[in-house]
Every structure is written in structure tokens, then in C-alpha cells.
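Visitor: Protein sequence lines, in the order shown, are assigned to chains C and B.
The opening position of the first sequence corresponds to residue 1 in the numbering used here, with each subsequent residue numbered one higher.
The opening position of the second sequence corresponds to residue 1001 in the numbering used here, with each subsequent residue numbered one higher.
Watch out, some of these pointers could steer you wrong.
Once the Cα atoms are required to be at most 20 Å apart in a straight line, the calculated SDA-like pairs of lysine to any residue come out as [stated by the list, open to error]:
1) B/Lys1116 / C/Glu82
2) C/Lys707 / B/Asn1050
3) B/Lys1141 / C/Glu82
4) B/Lys1116 / C/Thr562
5) B/Lys1116 / C/Glu607
6) B/Lys1116 / C/Asp600
7) C/Lys62 / C/Leu144
8) C/Lys675 / B/Asn1050
9) C/Lys675 / B/Gly1102
10) B/Lys1116 / C/Glu602
Reference excerpt, derived from the structure (chain C facing chain B, CB under 10 Å, subset only) [said to hold, decoys possible]:
11) Ala105
12) Gly551
13) Lys556
14) Thr558
15) His624
16) Val625
17) Asp673
18) Tyr677
19) Leu681
20) Leu699
21) Ser700
22) Ser702
Honestly, the hints are just simulated from the structure, not real lab data.
Glycine residues also receive a C-beta, built at the ideal position from the N, C-alpha and C atoms.
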Amino acid sequence: MLPGRANTCGLPGFSKGRVGLVRICALRSGARLRLGLRIPLALIIICALQLRLSAKTLTPVKLKVAGHEVSLRNASLFDGREVYVPLESLRAFYATYALNRREDAALVTFADGSNSEIAIARPGSKPMLPLSLIELHLAAEHSLTSGTCDIRAKIVSFAFDGGTLRITTAFPLPIQLKSPVPDRIVLEIPGATGTGSNLLSAADDAKRVNRITLAKTANGLEIELGLAPGYELRAETAASTNRSHAFEFAGSPKPVAVRAETRIEPAVTKEAESKSAATRQKAVQTAGSLDWHGTNPWNASRLLKSEAKSGNSEPNKAPGGGKTGAPAPRSEDRKIADATISALRSVPAQSRLAGALPRSPAKNDESKLRAKPQYNTGQATPVQQPGKPGERSGTVQQDVKSVYGPTQDEGPPTNATPNETHPAKPPATGGRLTDVELQTMDAFHARLKITTSAKAGVTVKLLSEPTRLAVDIPNCAVETEQKDWESEHPFLSGYHAGEGEKPGSARVVIDLAKMVGYKLVPAQDGVVINLTVPRGVGRKLQDLIVVVDPGHGGPKQTGCHTVVNGCTVYEKNITLSIARFLRQLLEDAGVNVLMTRTKDVEVGLSERPGLATDNNADMFVSIHVDDYGFNTSASGSTAYYHADDESSRALAHSIAERVAQVSGLPNRGARSDHKLYTNGLAVLRASTMPATLVETGYLSNSRDRKKLMDQGFQMKVAQAIFDGIRAYFEGALPEDDLSPMKEIVR
Amino acid sequence: MRRFSIALLVIVVGCIAGYLVSSGGCGKPDDQAGPTGGRVKVSRPVTQGNEVVLKEENVEAPKDKDPVSAALAALFQTADDKSRPSAIPAGTKLLKVSVDGGIATVDVSEEFNALKNSGDSAESLAQNALRKALAQFSHVKKMLLKVNGKTFESEHTDWSEPIPVRDDDAVANGAP
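One chain only, chain B, in its complex shape:
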């Protein structure tokens, strides 16, 4: 009788474990494929001659967040690293990230507004660093940036509509 109870318990536990594994409940869903192993790519500006370009590097992502938030958190951490330049204005914090229908809505702190009174080159770097961070996730197609819940009012370009995170999608959106 005791053996039978143990065997029954084993079967029940096995069934539950099997269901969780097969349904993805224990892991990342397939349609949210992205970086694995706790490492993500973040882009940092580097100088090449008279140009400044973004260079990707692998960093450890915060483990207490979902993958998209972790990747962005890693990017925003570069803003606090004063030893090297960052595409994100200093002090900018990531407030909230949500992905719905392929659109990642990224809410950041008001320090991001420093870009309003910067040059095109600096604002361009920030936009492209954000796009590259999100382009790591196949289920993220576009991004919508908010500053404290409000649209970022740039003096150079339009951030009010979701922006494609990949160049291919940008082309589909009308870019050459």
C-alpha cells in the first residue's frame, strides 16, 4: 500500500512537471525568443575617426527581470557608468517596460529629456541604442518611448508613433 501511494505520488508530480515543461509554463515562451544565458547586448558609442558609432557588447543582464526589461535595464545602466560614454543621458532610469502586440512601450525618467537640447547626433545615438536593445527579441517589432508616461517631445524627430526596432521593418514603414 505504501509503495502504491509513493508510485501514485510520483506519477502525479511527474504529470504536473511534464505539463509545465511542455506548455512553456516553466520557461520562456517560444514566441519571445531572445538572448539566453543571462547575457544581453547593449550598444555603446565609440569614436571612429570623425564619426561616432554604436558598438554592441555583451553584458550580464539583471536576473530579477523579464528578458526585455533586463536588456533595457542593462542599457540604462550604461548611463550611470561615468567611465565610458553612453548613448543614454546620464541619470536616466528605466521606469517600466511592457510589450503588447509587438510594441514595446518603454517608460523612462525625465533625465531623458536632456536629449531635447542636444544635437541630432546625440539623439540619434539614443534612439538607435534603444532600437538595437529591443531588436534582440523577435517578438518586439516596434518601440514607443515615454518620459514619465508622456510622449518624448523631441526638437528633431517624431517619437510619438511606435518606431520599428529593425531596419527591415523601418523600410516596410516607408524608409528607403
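The following block holds chain C by itself, in its conformation from the complex:
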């Protein structure tokens, strides 16, 4: 180009020209480029224009969550392939977010506490999140019709455990329980979606539900449960979280439950706004009568407390509300919480907190603190009676000395149980333990709610001398005004809060009077520990049927094997030998024993638990030997239980402790079979009674192998398994000199 020459297209050296349909700049005659340069230049320009032309047009779409329209400042956009939702829409899923420094990604914390970093898209120059990425983490589905994107929650889990049916949805939904006829219950889950294949295969071990059907409705899903005679679903229990609803089974005679309501609606909606007044009115009217909606005594008691403190109705904060970058608590929650308080006012206080122990002296008067725990026996308004005053009190340091006995670190190194591996979650930093509250359900069930300022992964240990369950919370300061609580519960004599072993950690210790099964339910503000008497405890050995399952068998199913001095050692032979010893011990004690095989024959995987089910067995014990092949250092015994079944967990603990004690091998402890496989172990998954699979050692480890091949060792292991079984049924605690066990649950 020649300097100083003007052009008409605004770029130096170029003038406007027209080639075909596209206007391009062409060199003026004085600054011609060669043809070879012009072609690629034109190609680039055309490609860019083509891309521009072919870009999808952005169209605004209405966003509905669980059937309710979400009011948003910025509309969601659809580009023909992807729906983009504004960041503020995360509150509809009870999720919060924090932007990174460059503001090109959002760290999203979902209702269950899980985190995910999602890249921010900017369609229409507005920061938004691709819906497909949210759904990837949220277990949700959307449908796009007529300019409306309706997002529905999948049922994340549907499980029977103990006396409870627990349903967890991808994000909070109100689950309504209807009882059209006595033996048939319908659960309405508006805003839910899914085929329910896992739901329909859910097994009710106690056979309280004999039929489950699922139907899609315009609003969501309806699950119909056929109940066995004499059973009913009682209501949601205190362990409910905002995503998880727990329904308790009750046998005959059917009790009357008086519950108040703390329902969390899925989103701020115009519809909900208009209905809020009606909701409030309805909540008041239903107080004192049966109410199946979203009962959550934890929230209810919290509301009562705040009400008592301030004299006014304090809003129940939405989960995650107030966090960095999080949307503010929603007005609908506040309204419903208000409605709840209104409802609670008309219910007698003892009904509202039936069975719950007081929380702390600062928050409850002394008489309440000394109250004897009441069991929920079906009466609408149980009467609290005075009990013994708490004897333990003092500083945290005193508690640490007096309460905490031998710890994991003090146990024999060979018996140290390693931590279970769990998906990494963000640790609680600078958290505070603010409350510990016991709720006694009945003589067989209790719940301990540990309230913390931030969600945290907790470590659970079973300690001995005396037997206690210790819950460790890392990076957490104890700020409860009371440190010790007494209880007259049959299996729980007291509980204490204090500093943990590690500096800056907190520990809650539960004094156990007998063996319990436990399950941890993470909550937004801490953790709930469900304690229960394992199934079958208290029964006489002579009345029991125990199925003993020697692993593998036959010429093909040899199990793991190795060659020692030219001879092949097969797992199937070791397991059969131990099983025979165990059968003898059990039969000598009067137990009815069924063996899945008594010789070297092949038995199908489903036939093994099938034998137990067909004979209404009380317990299933499978015996195996583990193997890593390439790794020769792994050593020790493990007892697996299925999923998070409390009874099977207690059985596995009982056996694992005793096997480790006699084997002299490392104690790998009791572990969920979901740590191994997504589907768990086949024989445990199909078992309907307390069941465990004991890996007695590693064939790939020379020390383990030498022991496993020794008949004396096999007898010892059989004796230890027998002792574990007997202790389970007798509800006996582990011996004092047993090593501590440890398990991490997040």
C-alpha cells in the first residue's frame, strides 16, 4: 500500500469490493498482492463469515424446576443444542456457587455437599452454565417443549434400612405420603422423573413391603407400596435432610404420630408465592393431626429454639444460604418456616419434641436437661420424667483424659485398621461443633445429631475399654456449652463432646452398653448418626438358622490359587476347611447350620444366598481368601457387609475384630462391599438377612498363605468367626483387649 492513500473500507490499503455474495476488501491497484496470498486470505474471511452465519440463534427459554417456573433476572438461553441457565438459577437446585478469580468457572456446591467446577459460558455475553453440565452432577433430566425447559429430579436412592424407608432425590422435593387403603401407600413425588428400575428392585429385608409399583404422573412420580399386614409407613423421621426423606415403618398396633411441618419447597416460584398464604393457613389447620409432609424435627426444634430466643419467628435458612457467592435465602422458605412455627405453636411442646433429649443447659432449662429419655411408643404426647442429673462435667481437657481411652494410634500396629478410601471431598476448615442432640426413638433406635457450622467428613471408630463409638470431626472447634450428657437408653449410657486426638479436631464419644448398628447420614449442618439394635440380637443360638458359605468350589470355580513347592493351593479348599470347622462349632452350640456346599462342587452365585432366603435363615456367612496376584505385600483379614446395612455392618465388625485377634495378621476391618464393586458382592447383595463375607487372608502374601494352609490356623479363624456370630446375637460388646476399629464415613 502506498502511504497516505485514502480507502473506502476503513482499513489502510483496502477498499470495498464485492465478490459474489460477500463483501470483501480488495487491494487497490497500487497495492496488489499476488494471487497465491489472496486465496488463503479470502478463505479465512469466508470461513469466519460462514461460522458466524451458521452460529445457532439464541432463543430465551422459560425455566421450570420440578414443575415450578423459576423467576430469573436473566432468561435462560437455548442455542439449538444446549440450554444455558444463569448462575442465579442454581438456587432452585439448592446449590450455591463461587466464581474463580478469572470468573471463567464456578465452583458449584450442590445440595448434598458435593462440589463441581463448571466452566462458565457467555451466550449473549451473560455468564451462564450449560445445563448438561449441571445435570451431569445433579442426576436430573430436562425436557424442552414450547420454549419451556422443565428440569426434574431423579430418585437418587430408594432403600430400606432397619425400620426406615429412605428416599433421596437429586435436589430437594416435597414427598407426600397418602394412604388410600390400609395396606397400600402412595408416595407422591412431584417434580421427580425416572424409570425407577433401581427402585423396583429395592429389597425390603424385613418383608414389610411386598409390592412396589411406579407410575409417571403429570406432576412427577407416584410410587405405590403394598404393605404387609400390620405395617404402615409412619411419617418422615428426624433424620430427613432436604434431599432425603425417611419414612418409618410401624407395626401393629398402628401408632398415632403428631408431627409438625418444615417443608422445603424446590424453588421460588410465582405459583408458590401466590399460594404461600394458603400454605400457612393449611399448616396451622393440620397441626395436631396427622401430617405426612416433610416432617423434620431437627428443623422444627431449631425453629422453636430461635423462636424462644427472639420471641419471633426466625426464618429457616435455605441450605447454603449466606455462603460466598450464594444466593440469598428464599422468601418461600421463610414463609413456609413461618407457617411451621405457627403450626407448632398449637401443638403441645412435648409432642413437638417427643423423645428428644434436651440440647444444652444454655438453651434448655435444667429440668429438661435431666429429663429421662422417652420412647416413642405410639402415644401422641409422651410425658417426660425427671431423671438423674448429669454427673460428668468439666473442661474439654478433663474430658479428653477421662473419656477417651486407648485410641487408634495406641493399638497394636499390626492391627491398625487403615482408613477406608472415599471420594475426596473438601475438608471442613475452621468449623465449629455447636450442638449434640440425642433423639430416642424407642428402645431399639436412637439418633444423635451433631451440628457443625460446616459440612465435614467424619471418622467413626469403635473403641474399647469401655466400648464407645467415637466420631472425629477434623478442623472443628467444640463450642457446645455442655460437654457431657447422660442417657438412660438401653444401649447408650451417655455421650460426650471434646477435643479429638488431632489438634484442632473435635470428637463426640457415645458410651455403648451393648452392640449397636450405626449409619451416618450426612447433613448440611453436620451429621446424623442412626443407632439401632441389629436384627436378631437377643435371640438364642438354639433358635437360629445360620447359612455357612464356603467360597467357590468345583473344577472351574477354584477361586484364587497359587503354586507352593510344586503343589497348587486352591482357595476353594481352604474356605471349605474353615467352613467345616465353623459348622461344627455352631452345631455344638445348638445352631441349625446349612452349608451351601460340603464338598468340592460348583454352586451358583445366586444359589448361595438363595439357600438362606429359602430357609428363612437368620444369618449368612461367606468365607473367602483374597488375592492381589501382582502384589505380595497386602496382608490381613477383612469382613465385608453390603452397602451400608447397619446389622450386617455390626456383624462384620464383630467378626473382623475377633478374626484379627487370633490371626496375628493386620486387621483390615469391616468394609462396605461398595468399596470393592459398584454393585457390591453378589452373595451379600442378594442376602436378605444380616450377612458378611470374610476374607481370611491373602494367598498372594507368603505369611498369610503359610497361615492359611495350616489347619490349626483354620480352626482358630473358625473359632473367631463363631465368637463373632455369638457375640452379635448376644449383643455382647467386644472384649476389652480388642484393638480399636476405625471406619471413615463421609
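We have chain C already, so just place chain B on it with the hints.
Guide: The following block gives chain B in isolation, referenced to the frame of chain C:
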């Protein structure tokens, strides 16, 4: 006239190139997002105290395969590397991979059957290594493993149904 022909040719070529780029015909579709740059993650067992855990490492993926096949091929290559332990039984070959409706069907050679007569720990490592390899691809939700076209008959767990490749999905499937 000559100039006009050249310009017309340029426009036609440009349009075709533009269409291919914008429609994804030249590249990977958006809904099959996964590792880029020819590198994938494979999991290898490593010993930590008395435990064996899977540790992910980045390796170069075979470039003549689609991304999912390349990631699995890289994993199965570890089975032939005798210098370090692999979660996949030695000699196992990847025969075929197809992804349909979010389910990756992985067909492998019969050497995989060696896991039948191994311990739970070893079989667990193999399953989780496969899951981790497939979890790199957002469009893969579950995996179904076949050995020479047949269901893998484990003596420990059920492989007959598609298995979620991510823990979140596993939870949705009923796991705690």
C-alpha cells in the same frame, strides 16, 4: 473471467470448509467431550502401606482410534507392560468398543477371564480401572464388559448389567 472463476472457487471451498467446521464434521462432537491433545488418563495399581490403590497417570493415546477406544487401548496396553503392575490381566486385548445411548460396550479377549480365579481385591481393581478410563468421557454413563462377546462370569460380583462409570451415577443406581 479467470479471476471470477478463482473467486467463485474460493467461495465454494470456503463454504464447504465453514460448514464442516461449524457442524462438527471435522472435529469431535460437543457431546463427546473428553481428553484432548492425544493424552488420556490410565489407572495403575500402586501400593500404599497395606493397601493397593489406583493411581491415574497421563499417557499418549493411540492416534488411529476414536477417543474412547484410544483411552481403553491405552489402559489395556498397561497389561503388556511387565515392568509395572497393571489392573488388567496380562495379555488381555481390547477387541471392540462401542458407545450407544451412554453405554460403552467393551469387548475384550479371554485373558480377562483370569480374574475369575483371582481375589476380590484384584477383580475390584480391574473394574475400577475400566470405570475410571471411561469416566473421562462425559457421554459415557455406564459400561458393559464382554469377554469374546459373552458376559464376564465373575465369581464375586455381577457384570451382566451395565455398570455406572462414575460414583455419582453409582449412587443413583442404588449404591450408598
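Visitor: Each hint needs a verdict: does it hold in this structure or not?
Guide: Quick rundown of the hints versus the structure:
no., hint, in the structure
1, B/Lys1116 / C/Glu82, "violated, 44 Å"
2, C/Lys707 / B/Asn1050, "holds, 18 Å"
3, B/Lys1141 / C/Glu82, "holds, 19 Å"
4, B/Lys1116 / C/Thr562, "holds, 14 Å"
5, B/Lys1116 / C/Glu607, "holds, 18 Å"
6, B/Lys1116 / C/Asp600, "holds, 17 Å"
7, C/Lys62 / C/Leu144, "holds, 9 Å"
8, C/Lys675 / B/Asn1050, "holds, 16 Å"
9, C/Lys675 / B/Gly1102, "violated, 24 Å"
10, B/Lys1116 / C/Glu602, "holds, 14 Å"
11, Ala105, "violated, 15 Å"
12, Gly551, "holds, 8 Å"
13, Lys556, "holds, 8 Å"
14, Thr558, "holds, 5 Å"
15, His624, "holds, 7 Å"
16, Val625, "holds, 7 Å"
17, Asp673, "holds, 8 Å"
18, Tyr677, "holds, 4 Å"
19, Leu681, "holds, 6 Å"
20, Leu699, "holds, 7 Å"
21, Ser700, "holds, 7 Å"
22, Ser702, "violated, 15 Å"
Checked against the numbered hints given earlier, this structure breaks hints 1, 9, 11 and 22; the rest are met.
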